[in-house]
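Peer 1: Here is what each chain is made of, one letter per residue.
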Amino acid sequence: MLVVGIEVLIIKSYEKNGILVPEDLKLPIDKHLKKGVAIIECIQEIPCDPCVAICPVSSISMKDINDIPKIDYDKCTGCKRCVGICPGLAIFVVKVLDNKALITLPYEFLPIPKAGDITTALDREGKTRGTAKIMKVNRSGKATVITIEVDKKLAMEVRNIRLD
Amino acid sequence: MTVNDIPNVRTCITPLKDDNIIYEQDRVGELFDKKFKDRKRKKMDTDITVVGCGPAGMMAAIAAAKQGVPSILLVDENHITGGQLVKQTHKFFGSKEERAGVRGIDIAVELMDEIKNYNSIKFMLETTVVGCYNGKKEHNLIAVKRLNEGDRLLEINSKKVIFACGAMENMLAFPGNDLPGVYGAGGVQTLMNVYGVKPGEKVLMVGAGNVGLIVSYQLLQANVKVDRVVEIMPKIGGYHVHAAKLRRCGVPIYTSHSIKEVYGKEKVEGVIVVRVDNKFQPIPGTEEKIPCDTLCIAVGLTPSIRLIDQMGAETEFIPEAGGHIAVHDSLMQTKIKGVYIAGDSSGIEEASTAMIEGDLAGISAAASLGYDKNSQKLKSKCKQALVGFRSGPFGEKPRICKEKIACCWDRGVNY
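Chains as they are written, first to last, in the numbering used here: chain R, 1354 to 1517; chain V, 54 to 468.
Pulled out of the complex, with its shape left as it was, chain R reads as follows (with noise of 0.2 angstroms):
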């Protein structure tokens, strides 16, 4: 009998859709989100390390360019300068409080909200999820890094903004 090859397609989710589920992701104990850490969205090999030079405590780490990185949750301070830097804009601080967190995330559109705005909270799919305060701004760097604050069950879902 002959057997030819069987080639065997598994396609991610995300691959079909765009949009990572957790299990996709290493997320950090609760521990480390009190502290406030860097949650890298970044899942792929792709040729890319500036995360990797900006981080000043070393804790984004790539065997080679094209490594996915890997980021070490007690090394990392949430500083956020890897949020502006990331070419893919797929690098979030998030920091939970009490009962609110504190999600930081680039942010490319205009007009660019100002520090006290309610604006609404949008998932990894565009989809509404309350409303975000806007609690800091900062255009310091390459792209405009913004701190929200939403509900805390929602550390994990809300990516973005956006301005009614």
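Bear in mind the hints are in silico, worked out from the structure with no lab data behind them. For glycine and all other residues, C-beta sits at the position ideal for the given N, C-alpha and C. Worth double-checking, as some hints may not be accurate.
Unchecked claim - Facing chain R, from chain V, some residues (calculated, C-beta under 7 angstroms):
(1) K149
(2) Y248
(3) K278
(4) Y292
(5) V294
(6) Q437
(7) G441
(8) P451
(9) R452
(10) A459
(11) C460
(12) C461
Claimed, not checked - Here are the computed distance ranges between Cβ atoms for each label pair:
(13) R:K1505 / V:I453: 47 to 55 angstroms
(14) R:I1363 / V:I75: 50 to 58 angstroms
(15) R:I1465 / V:I336: 43 to 51 angstroms
(16) R:T1484 / V:E369: 37 to 45 angstroms
(17) V:I74 / R:I1471: 51 to 59 angstroms
(18) V:P344 / R:I1364: 24 to 32 angstroms
(19) V:D382 / R:K1379: 37 to 45 angstroms
(20) R:L1450 / V:G303: 38 to 46 angstroms
(21) R:K1379 / V:C460: 35 to 43 angstroms
(22) R:P1409 / V:Q334: 52 to 60 angstroms
Got chain R; can you put chain V on it based on the hints?
Peer 2: Just chain V, lined up with the frame of chain R:
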């Protein structure tokens, strides 16, 4: 199209002027008018001519100047330098040496500033190279410079030539693809990012490669609604991070979907999309009618090799390169001695690798003229960087492409 009696003009990249007379052509036209024949030409001599002022061409000119080549000519048919860089408002991937984290549009400025530092580099814009001939010692390039008072014909005698001509967008065949409102993604980017013109109000994007994803995001930034991205393959071809940016703005991506037709009377009024099976055949009954005024097509690029082909360089069809390309060695020299290629015209890839290839071609061309400052070390550094870029899963296509080219070249012996 025929413009002012000149046939075969790409009107999409030709500046519109008041007195332009434009005709449609249904076949390749011939220049019939005597007024173009036997015109006087201005002669120029130079060591290296670089055709194309995009990332590869600019880097090639800079690299050659750094090596000490006294006379370098950089020509481009556009009215601004930078090639595709000027449209790239996103931050570049890569590492620090390749300007990672810097936006393409800023890289264009950085490179131009560097070029202006060298008196040895002369650049001519709005200059189209229309013919190349292989002389005994030198290469002859015929170019047309567009001036307000008319065109000037140039004959450039150059010891070495570097072609960094880039690529052309691919088109899809479907009913209605000639309606106004059907654009290539590069055209949309030019309108938006170079001229500040909104291409439409509601766009449907075809193609979920990096170009389709990035241009969709740029459309959102320009306050244009993007209804969806359709992709015929079962998975998204571009980087996940680009897809994620779009998704969190609420733009859906439909994989295993394609376009059936565009409808509209005078212009695009809507698009019919359809799901496809695993053999890419439309599944009847899955058609969906989507009203929109713009269809943007981002289905890949084809290397521009017309000039080098005319020169008689050996070419080969390599699917991973995006079409026919000139066979070249690892130092970017083609089978014609003294003629080099770099960037997309040597195989479709990223701007980052185009810059490294340009660097390599510039150093190689300079070294062959006897201008050599540590060129062995620099060349191996470039080669190493290229290997690094092409070693990941997204570098597979260019990796295969370059391996095939190596096989074409002396059966891989001197590669």
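Peer 1: Now, for every hint given, state plainly whether the structure supports it.
Peer 2: We went through each hint and held it up to the structure:
At about 6 angstroms, the closest approach between the beta carbon of V:K149 and any beta carbon in chain R falls short of 7 angstroms, and the interface hint on this residue holds. At a threshold of 7 angstroms, the smallest CB-CB gap from V:Y248 to chain R is about 18 angstroms, leaving the interface hint violated. Given hint, V:K278 at the interface with chain R, is violated; its Cβ is 13 angstroms from that chain's nearest Cβ, farther than 7 angstroms. Interface restraint check for V:Y292: the shortest CB-CB distance to chain R comes to about 6 angstroms, inside 7 angstroms, so the restraint holds.
With a least beta-carbon distance of about 3 angstroms to chain R, the hint placing V:V294 at the interface is held under the 7 angstroms criterion. A hinted interface residue such as V:Q437 counts as satisfied when its beta carbon comes closer than 7 angstroms to some beta carbon of chain R; here the least separation is about 11 angstroms, so the hint is violated. The interface hint given for V:G441 is met, as the beta carbon of that residue sits about 5 angstroms from the closest beta carbon of chain R, less than 7 angstroms. Interface restraint check: V:P451 against chain R, minimum CB-CB distance 11 angstroms, threshold 7 angstroms, status violated.
With a least beta-carbon distance of about 11 angstroms to chain R, the hint placing V:R452 at the interface is violated under the 7 angstroms criterion. A hinted interface residue such as V:A459 counts as satisfied when its beta carbon comes closer than 7 angstroms to some beta carbon of chain R; here the least separation is about 21 angstroms, so the hint is violated. A hinted interface residue such as V:C460 counts as satisfied when its beta carbon comes closer than 7 angstroms to some beta carbon of chain R; here the least separation is about 24 angstroms, so the hint is violated. Hint status for V:C461 relative to chain R: violated, with the closest Cβ pair at about 25 angstroms, above 7 angstroms.
Distance hint check: the CB atoms of R:K1505 and V:I453 are about 48 angstroms apart, consistent with the given range 47 to 55 angstroms. Distance hint for R:I1363 and V:I75: a CB-CB separation of about 52 angstroms, consistent with the stated range 50 to 58 angstroms. Take R:I1465 and V:I336: their Cβ atoms lie about 44 angstroms apart, and the range 43 to 51 angstroms holds. Look at R:T1484 against V:E369: about 58 angstroms separates their beta carbons, and that is not inside 37 to 45 angstroms.
Range check, V:I74 to R:I1471: about 57 angstroms between beta-carbon atoms, so the 51 to 59 angstroms window is met. For the pair V:P344 and R:I1364, the beta carbons lie near 31 angstroms from each other, so the given range of 24 to 32 angstroms is met. Against the hinted window of 37 to 45 angstroms, the Cβ-Cβ separation of V:D382 and R:K1379 comes to about 44 angstroms, which satisfies the hint. For R:L1450 and V:G303, the Cβ-Cβ distance of about 28 angstroms falls outside the hinted range of 38 to 46 angstroms, so the restraint is violated.
Against the hinted window of 35 to 43 angstroms, the Cβ-Cβ separation of R:K1379 and V:C460 comes to about 41 angstroms, which satisfies the hint. Restraint check, R:P1409 to V:Q334: a C-beta distance of roughly 54 angstroms satisfies the suggested window 52 to 60 angstroms.
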